[in-house]
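Colleague: Chain by chain, the residues run as shown.
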Amino acid sequence: MAGDGTIEKVSIIISKGSLEGVYPGLIMANGARAEGIEANLFFTFFGLDAIHERRWERVRLATVGNPGLHLPTWVGALPGVSALMTRYMARRMDRLDIPPVPEFVEMIADTGAGLYACQASVDLFGYRREDFIGQVKDIITVGEFYDLAAGGQIIFT
Amino acid sequence: MAGDGTIEKVSIIISKGSLEGVYPGLIMANGARAEGIEANLFFTFFGLDAIHERRWERVRLATVGNPGLHLPTWVGALPGVSALMTRYMARRMDRLDIPPVPEFVEMIADTGAGLYACQASVDLFGYRREDFIGQVKDIITVGEFYDLAAGGQIIFT
Amino acid sequence: MAGDGTIEKVSIIISKGSLEGVYPGLIMANGARAEGIEANLFFTFFGLDAIHERRWERVRLATVGNPGLHLPTWVGALPGVSALMTRYMARRMDRLDIPPVPEFVEMIADTGAGLYACQASVDLFGYRREDFIGQVKDIITVGEFYDLAAGGQIIFT
Chain W
61 MAGDGTIEKV SIIISKGSLE GVYPGLIMAN GARAEGIEAN LFFTFFGLDA IHERRWERVR
121 LATVGNPGLH LPTWVGALPG VSALMTRYMA RRMDRLDIPP VPEFVEMIAD TGAGLYACQA
181 SVDLFGYRRE DFIGQVKDII TVGEFYDLAA GGQIIFT
Chain L
61 MAGDGTIEKV SIIISKGSLE GVYPGLIMAN GARAEGIEAN LFFTFFGLDA IHERRWERVR
121 LATVGNPGLH LPTWVGALPG VSALMTRYMA RRMDRLDIPP VPEFVEMIAD TGAGLYACQA
181 SVDLFGYRRE DFIGQVKDII TVGEFYDLAA GGQIIFT
Chain F
61 MAGDGTIEKV SIIISKGSLE GVYPGLIMAN GARAEGIEAN LFFTFFGLDA IHERRWERVR
121 LATVGNPGLH LPTWVGALPG VSALMTRYMA RRMDRLDIPP VPEFVEMIAD TGAGLYACQA
181 SVDLFGYRRE DFIGQVKDII TVGEFYDLAA GGQIIFT
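Residue numbers (my numbering), protein chains in the order written: chain W, 61 to 217; chain L, 61 to 217; chain F, 61 to 217.
Since the hints were made in silico from the structure, they are not lab data. Take the hints with a grain of salt, since some may be wrong.
[Stated by the list, open to error] Straight line, CA to CA, 16 Å or less: simulated EDC-like cross-link-like pairs of lysine to aspartate or glutamate:
1. F:Lys69 to L:Asp207
2. W:Lys69 to F:Asp207
3. L:Lys69 to W:Glu95
4. W:Lys69 to W:Glu95
5. F:Lys197 to F:Asp157
[Stated by the list, open to error] Here chain F is said to cover these stretches of chain W; the calculated rule only asks that three of the stretch's residues, wherever they fall, bring their Cβ under 8 Å from a Cβ of chain F:
6. 147 to 161
7. 165 to 179
8. 192 to 201
9. 206 to 217
[Unchecked claim] Sample of chain L residues lacking proximity to chain W, with all beta carbon distances greater than 10 Å (derived):
10. Val70
11. Glu80
12. Met88
13. Gly91
14. Ala94
15. Glu113
16. Arg118
17. Arg152
18. Met153
19. Pro159
20. Asp170
21. Ala180
22. Gly186
23. Gly194
24. Val202
Just so it is clear, CB atoms sit at the ideal spot from N, CA and C, and this is done for glycine as well.
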């Protein structure tokens, strides 16, 4: 964001826990690192699921309230449909070498991106530090987030 | 966003009317003001509920289309489940000193943050100026929004 | 975003396929062009529907998982309710001279805004170049997006 017109840093907030809520932020962080752009990921609200030891395996696609899926609403609400769609998407992603959430998160951490959990959300859900995967650098406040994000682009997903 | 790497202003757009749609923006605005960062909140589409006199008390958690809640879809669709989850979240928030939507919005306005409603959305829903709480400074166009947001970060939630 | 405090460019990402997911981004792009601000639109995930030849006519309002509509959840899940709400919203928009999605997208392209599809999402859904409307300039990677977005504001919707 400096005057020379290059992006030097992105601070990506992941606030949703669904598959289609988590992937855009992961893809943007991964793409930034591939370009040599500094990238930090901040997980807040239901987005915390993506870095939660016992939940990140189960991030699922939202099949109701999502007209983009072209399913009648009542089909989306049938037991099992969300799991089925997730398996379908996962298979497609696999074929495209897009890893599942846990592997993708680990991969992005390995590129040097910082992973942070939002303090207010951690308190809200009653989580503790040890609930999160080891790659999480810190649990930080909104103020600390702004400090880290300064000089770059904030992308709320 | 100046060259010295500090954030001087945030312009936060709140576009969703659910509890988990409204809170992130409020928390980010509140956190900005606590750091002495200029903050303006722009309410658009269903986000307008959060500043609507007769609706801000009733902003609710979306219990369907939200895999983050770990509820089977059909449970989320049962009458009353959304209201129940909202009460549960509200109790947790209360324990953490996170105020309910109306008090939180008032508190943020008191810190000097500007509250604005989106003209196009106000027209779309057929609202009038007097439908909104007194803390709303103005109903503005997208162009006026860009003028106000210049020199800072735009955060769409 | 230059030091003089004016916004020179906006890069708007449209990631959702519902009516209320697509419109905010379109309205912000249109408003930017009206102010002489450079605007580019990036369609990703279900947002691709808005530029898909056989799908852009059918972008619908999400009636479940959306407490902002003030419908009991079970009403929103009834067959036909989403289509009904969409027709209601479309009528209101028409009265306000807000065009339907296809006309709005064409109009924005005519103002000189750039329309781009996200490569990863195109691969994910198995789409091809010819599935998209002629106004789409290119299918680009995340890295190319960052290059295009440099020097402006990124707005993820």
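Colleague: Looking back at the numbered hints, which does the structure fail to meet, lowest number first?
Modeller: Going through the list in order, the structure violates hints 3, 5, 7, 8, 10, 11, 12, 13, 14, 17, 18 and respects the others.
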